[in-house]
Each structure stands twice: as structure tokens, then as C-alpha cells.
Amino acid sequence: MDQKDEVLKKFGRYLTALREERKMTVQELAAATGLTSQKLRRIEAGEVDILFSTVVTLSMGLDISPAKLLQSLDPD
Numbered sequence: 000m001d002q003k004d005e006v007l008k009k010f011g012r013y014l015t016a017l018r019e020e021r022k023m024t025v026q027e028l029a030a031a032t033g034l035t036s037q038k039l040r041r042i043e044a045g046e047v048d049i050l051f052s053t054v055v056t057l058s059m060g061l062d063i064s065p066a067k068l069l070q071s072l073d074p075d
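Following numbering that gives the first Met the number 0, the numbering of the sequence shown begins with 0 at its first residue and continues without gaps.
Any given hint might turn out to be false.
As the list claims (entries may be wrong) - Taking lysine-lysine and the DSS-like style, the derived pairs with C-alpha atoms no more than 25 angstroms apart in a straight line are: (1) LYS8 x LYS38; (2) LYS67 x LYS8; (3) LYS38 x LYS22; (4) LYS9 x LYS67; (5) LYS9 x LYS22; (6) LYS3 x LYS67; (7) LYS67 x LYS22; (8) LYS38 x LYS67; (9) LYS3 x LYS38; (10) LYS9 x LYS38; (11) LYS22 x LYS3.
Said to hold, decoys possible - Label pairs and their calculated CB-CB ranges: (12) ILE63 x LYS8: 30 to 38 angstroms; (13) ARG41 x PRO65: 13 to 21 angstroms; (14) GLU27 x ASP1: 28 to 36 angstroms.
Quick caveat, the hints were computed from the structure, so don't treat them as lab data.
A virtual CB, placed ideally from N, CA and C, is assigned to each residue, including glycine.
Working from the sequences, and respecting the hints, build out all of it.
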């Protein structure tokens, strides 16, 4: 697995954790963002590269700042 794949997986895990903290289903987040459930599942699985506009859309659906969503990319 290359570094890009690792970052996408880490982002997906963090997105999943944030969604679950809010007790939201994939379908509920999809409805809040206008993304499809399938696309969200692929993002959470780290299978798809996303645009920054998608990060903004996801953060709005979770009612957090884009910076908070991108915290997952901070080095450990």
C-alpha cells in the first residue's frame, strides 16, 4: 500500500468515526450531503480519492469545519 492509499484509508476511518459519533447512518449522511450512499461507503473504505469540494460538503453534513475533518491527516 502506498502513502496515498494509507492517507485515504485513514481519512475514511476518521469520517466513519465522526459519522458514528453523531449516530448517523450512511444513508442519513448521504441525505445531508447530496452524495450517494455508495459513494460515501467508498470514501469511508478509502477506495476513492475525493476533491476538496467533497471535503467541504462532508463537513457541512457533519456540522463541523473542513479543518476538523482534515485533522485525520495530521501526523501521529
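Hint by hint, here is what the structure shows:
{"no.": "1", "hint": "LYS8 x LYS38", "verdict": "14 angstroms, holds"}
{"no.": "2", "hint": "LYS67 x LYS8", "verdict": "17 angstroms, holds"}
{"no.": "3", "hint": "LYS38 x LYS22", "verdict": "19 angstroms, holds"}
{"no.": "4", "hint": "LYS9 x LYS67", "verdict": "14 angstroms, holds"}
{"no.": "5", "hint": "LYS9 x LYS22", "verdict": "20 angstroms, holds"}
{"no.": "6", "hint": "LYS3 x LYS67", "verdict": "20 angstroms, holds"}
{"no.": "7", "hint": "LYS67 x LYS22", "verdict": "18 angstroms, holds"}
{"no.": "8", "hint": "LYS38 x LYS67", "verdict": "21 angstroms, holds"}
{"no.": "9", "hint": "LYS3 x LYS38", "verdict": "18 angstroms, holds"}
{"no.": "10", "hint": "LYS9 x LYS38", "verdict": "17 angstroms, holds"}
{"no.": "11", "hint": "LYS22 x LYS3", "verdict": "29 angstroms, violated"}
{"no.": "12", "hint": "ILE63 x LYS8: 30 to 38 angstroms", "verdict": "20 angstroms, violated"}
{"no.": "13", "hint": "ARG41 x PRO65: 13 to 21 angstroms", "verdict": "20 angstroms, holds"}
{"no.": "14", "hint": "GLU27 x ASP1: 28 to 36 angstroms", "verdict": "33 angstroms, holds"}
The structure fails to meet hints 11 and 12 from the earlier list, while all remaining hints are met.
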